[in-house]
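Asker: So you can see what is in the structure, the chains are spelled out below.
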Amino acid sequence: MSQTIKLTLNIWRQAGPNASGQFQKFHRDAVSKDASFLEALDEINEELIQKGEEPIAFDHDCREGICGMCGMVINGMPHGPRTLTTTCQLHMREFKDGAEVWVEPWRATAFPVIKDLAVDRSAFDQIIQAGGYISINTGSPGDANEIPIPKAVADLSMDAATCIGCGACVAACPNASAMLFTSAKATHLGVLPQGQAERLSRARAMVETMETAGFGGCTNHGECEAACPKGISVDYIARLNRDYLKAVVVSQTT
Amino acid sequence: MATKALALHQTTVGKKAIMAVTGFIMVGFVIAHMLGNMQVYSANPAAALKAYALLLRSFGGGLWVARLVLLGAVVLHAWAAISLVKQNAAARASRYHVKHDAVTSYAAKTMKYGGFVLLFFILYHLAHLTLHIPVGAPAVADEFAVFERMKAGFEVPWISALYILGNIALAMHLYHGVWSMLQSVGLNHRKYNALRKQAAVAVALVVGVGNISIPVAFMAGIVG
Amino acid sequence: MELHSNAPTGPIETAWDRHRFEMKLVNPANKRKFTVIVVGTGLAGASAAATMGELGYNVKAFCFQDSARRAHSIAAQGGINAAKNYQGDGDSIYRLFYDTVKGGDFRSRERNVYRLAQVSVSIIDQAVAQGVPFAREYGGLLANRSFGGAQVSRTFYARGQTGQQLLLGAYQALARQVGLGQVELHERTEMLELILVDGRARGVITRNLKTGQIDTHTADAVVLATGGYGNVYFLSTNAKGSNGSAAWRAHRKGALFANPCYTQIHPTCLPVHGEGQSKLTLMSESLRNDGRVWVPKNAADVTKRPQDIPEADRDYYLERKYPAFGNLVPRDIAARNAKDVCDEGRGVGYPPEREAVYLDFADAINRLGQHTIEERYGNLFEMYERITDEDPYKTPMKIYPAVHYTMGGLWVDYNLQSNIPGLFVAGEANFSDHGANRLGASALMQGLADGYFVLPYTIGNYLARAGRDLAKTPVAEDHADARSAKAEAEGRLKAFLDNPGSHGPDHFHRRLGKLMWEYVGMARDKAGLQKAIEEIPKLREEFHAKVRVPGSGASFNQTLEKANRVADFMELGELMARDALAREESAGGHFRVEYQTEEGEARRNDDDFAHVAAWEWTGKGNTPTRHVEDLDFEYVKLSQRSYK
Ligand SMILES: Cc1cc2nc3c(=O)[nH]c(=O)nc-3n(C[C@H](O)[C@H](O)[C@H](O)COP(=O)(O)OP(=O)(O)OC[C@H]3O[C@@H](n4cnc5c(N)ncnc54)[C@H](O)[C@@H]3O)c2cc1C
Ligand code: HEM
Ligand code: FES
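Top to bottom, those sequences are chains A, B and C.
Take 1 as the starting number for the first sequence in my numbering and just add one per residue.
Take 1001 as the starting number for the second sequence in my numbering and just add one per residue.
Take 2001 as the starting number for the third sequence in my numbering and just add one per residue.
Rather than coming from a laboratory, the hints here were simulated on the basis of the structure.
A quick note: this is a predicted structure, and the numbers were derived from the prediction, not measured.
C-beta atoms are modelled at their ideal positions from N, C-alpha and C, and glycine is treated no differently.
A hint or two may mislead.
Ranges of calculated distance between the beta carbons of each label pair, as one might list FRET restraints [stated by the list, open to error]:
# : chain 1 : residue 1 : chain 2 : residue 2 : range
1 : B       : ALA1102   : A       : LYS25     : 19 to 29 Å
2 : A       : LYS25     : B       : SER1105   : 28 to 38 Å
3 : A       : THR8      : C       : GLU2275   : 40 to 50 Å
4 : B       : ALA1005   : A       : PRO150    : 53 to 63 Å
5 : A       : SER251    : B       : PRO1138   : 40 to 50 Å
6 : A       : PHE23     : B       : PRO1138   : 56 to 66 Å
7 : A       : SER251    : C       : LEU2141   : 27 to 37 Å
Under the rule of at most 35 Å between Cα atoms (straight-line distance), these lysine-lysine pairs were calculated in the DSBU-like manner [as the list claims (entries may be wrong)]:
#  : chain 1 : residue 1 : chain 2 : residue 2
8  : C       : LYS2486   : C       : LYS2033
9  : A       : LYS6      : C       : LYS2033
10 : B       : LYS1109   : A       : LYS230
11 : A       : LYS51     : C       : LYS2033
Model the full assembly from the supplied sequences, consistent with the hints where possible.
Answerer: Structure follows, in structure tokens:
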């Protein structure tokens, strides 16, 4: 039989973007250790609904750690205490019996709270729309094997491309900076031969859009990398810095 | 997408690059400065330092160019710092009730405070040893009596303490700043990245220990 | 109703070329006069919306997630097939076509499948040009692997995240069009109703999930690329938000629903651990290459620790029953056998159901060393450990089959157009290419084929031909038919909000899931299906009477979203049972206990059931009508599979 633990959960409740929020306390006597964090919230929610109260709003979809939809700050750590793990993959056995747990939304001016633990991350999409792509129309490319790409380069691109866009980097950063996300996206395309033509203009467009969305700047704390469930490296930030500076200072065409 | 292009100084990335370049100039300066200071340990420190001061003066216009570059660096550095600190604070307008830091260092988190300690220290230091405004130390009349002025100052315990504190702040600033500066201008390379932090520690230690040793040496009577 | 596939006749190899030539083109200057709605931004939707945008159409795209990039396609792991024959191991378009028809147990349309195999090669070219970082060999060329028992290596992959990478490629292409102003993207927006005017699809009613606002969007054509409906079972490997509502709303407006009973059960998923479980996690099929599946011989041993059960008391049932294929038998066979041993009381999962079997790596570790196993499956073992807190290097994994994919969906012709003119359906939401069973790594291929390479032509053809009619009847937001569709949607939501109720929608959804799994799951029989057809309407009534939705409709309200989706699952579930009951044969993902060979294999009935069953909605409370589209097999000879 699965074991249970006792927990006190303090969960951030906020009715809407402009409402002021506060913590609501939930005493849980028997939380299954095998339950995921979100399943523990599901259980609270079913009880709230039965009482006619509004359930805790939180985003989630795949519950497999790949879609990047879930995310909350648990005991001061984006996605909670286990490294390289999204909230949906976090299990209750990570908590001690009797522990007090604090749950808050991603806090960043660029990610306004929608309700409770759900935030609006559309600023990330705007960064991609500004240039986070390779301009190629359907049907125009040549054969896929025309350009050999060294395995190490493809692997590097893939390392960066594993970013799930959850926003934990922004949540963790003392400045709510989006540099880890932006640089991972720029690196994914920027190291590939296909991505060279737009490499500098892409870097510039993405950085500028990021700037106007209300994120802070990177001051190299490294909190983003530590919080990232996919282990995205801050090395990409240096790459993006370099490409951006090349675009603005050196290049004659961007 | 047709957004209006931003100039370098309008983006955080650009501002950080400005800080890195100006920081680099200042790092170069503090290292050279510290090495120059090491002449207090020569056999005849008073003569050596006087000769050093006269040598610098002999560069004439060159010295002024260097001073202006340094002054410009400090001003730009401080401007960018203030602007970034403001923008970064605005980006996290609502604070966490509970926040746990995973990897960041005390040095990194206190760059903005340490920077202002440094600004204050630089002003004091310039007043004391460049502009010859004694501020609490006995005045020394001879313009080139560098050693004597140092001695007069460092024999006042609080002045020594101020220099020690100022240099601790400097060492911490460099501990985070030197690797950060390389990251900010995109000097990264998978093979050498580990060296960046090591270099930062080395610079911080050498500059910090070198400079701090001077007031300590005066107070301990090792020199003087 | 007569169903016409509208597939070109003549030699299959040139059918698509000829068809494209015969299609009418829209004058480039006129394209911007047409608006196309694409609901869904998974592989199928994002690729269609991006391509239509590139061509110059006005596109409006919708998804319910907060970003188009989070569509469920993101979760696909294993890979994507394409007949590139880069490995020179004998693959060809014809072979991929052949394998897909056969793998689908002869229940798909040959001409559709042939076209799929043809365009599969362009998909890889397109993805690579977009920057999809597929795995490569040291020489810099693309790597391939063999997947799901295929005899050739035709699967392209990006680590275990192929769906993610392909979706990012399509999403970036879509984002580019959004940036250029060609596509208007509405995230966190759910389609509630289809707008029909004069029998044509002319728009959708949507709800902005953030604000609760209900809007009318009109258009000249509507594409549904809204994914599969596996979540009818509550527990599945699908994302929590995956739903059948868009398709079901279209069905209720007259679109036929084809082969709803064909569901694919994936054999290697993590077992259910308890009541509160919210979803099932897929473990890659590749694990069966080195893992050995077993249960105790004696039911009495199920409570013992696996290491305490001696070799002699273990039953490696797949190796025993299928000596040639062993642990590598196809998905459905592996799944059904796991169910059988658990039904015999020999399951080793969590009590009380104990539904799980062991997947044991001890032999492989002894033979190859822990290091090799770590290299091959390190990330999967880690994921397993994270979820179950058990170390698969030391103790065997526990696995159990779970609902994974739905082959059924809205009926479409060769042009991917439903029986409603102007309504196109793509990706998992349509029924088209996989017949009764989908091969591994073929869903991604189909979604992208539909979106990049089929719809842009066929929608153009529709618009070119219907353009004059469409222009004659412009549909504004306040058109009477749009208003009534909106009123319908609003009424439905209001009913939920006003209901006094006692339980949340999940409560009823779980119960529906249990019914479906029990009676319309891995093995079905007449009595069980009849029982489901009896029980589901009762549960549905109880749901409508007792579901409780706190909060208001004019704000973010996830309970309301769920209630609305569960309501449609309650109807769709019943249709699945009816379809399963009517199909008196076993084929692919539909296994009827009454129709099996002596050896317990699926037995098709080609004389009576070599057809597509397409169901017509006949109004609430009425029995739906079953229509039939006969399938011809000109190229691939009908044959029975055997894995003995
Ligand atoms: C765990 C897992 C692993 C898999 N692995 C593989 C694999 O390795 N290879 C392979 O080929 N296939 C695989 N599949 C299958 C494959 O991933 C899917 O079949 C395919 O991605 C479906 O794509 P789609 O575009 O049709 O739909 P989806 O990606 O599901 O997208 C549906 C879209 O519709 C939107 N939507 C739905 N309803 C509404 C509504 N009412 N209003 C507005 N928007 C709506 C959603 O927001 C979403 O954008 C896997 C599936 C799973 C579950
Ligand atoms: C004038 C007073 C100073 C102020 C107000 C100041 C402030 C700051 C601040 C706020 C930062 C950014 C910290 C961060 O990114 O987290 C910074 C970075 C830095 N500072 Fe200073 N500082 C001052 C003086 C100095 C001096 C004297 C030196 C060198 C000896 C120096 C070298 C650096 C370097 C190298 C960086 C790193 C730049 C980068 O990351 O790109 N600073 N400073
Ligand atoms: S729900 Fe998809 S990553 Fe957590």
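Asker: Where does the structure disagree with the numbered hints, that is, which hint numbers, in rising order?
Answerer: 3, 4, 5, 9, 11
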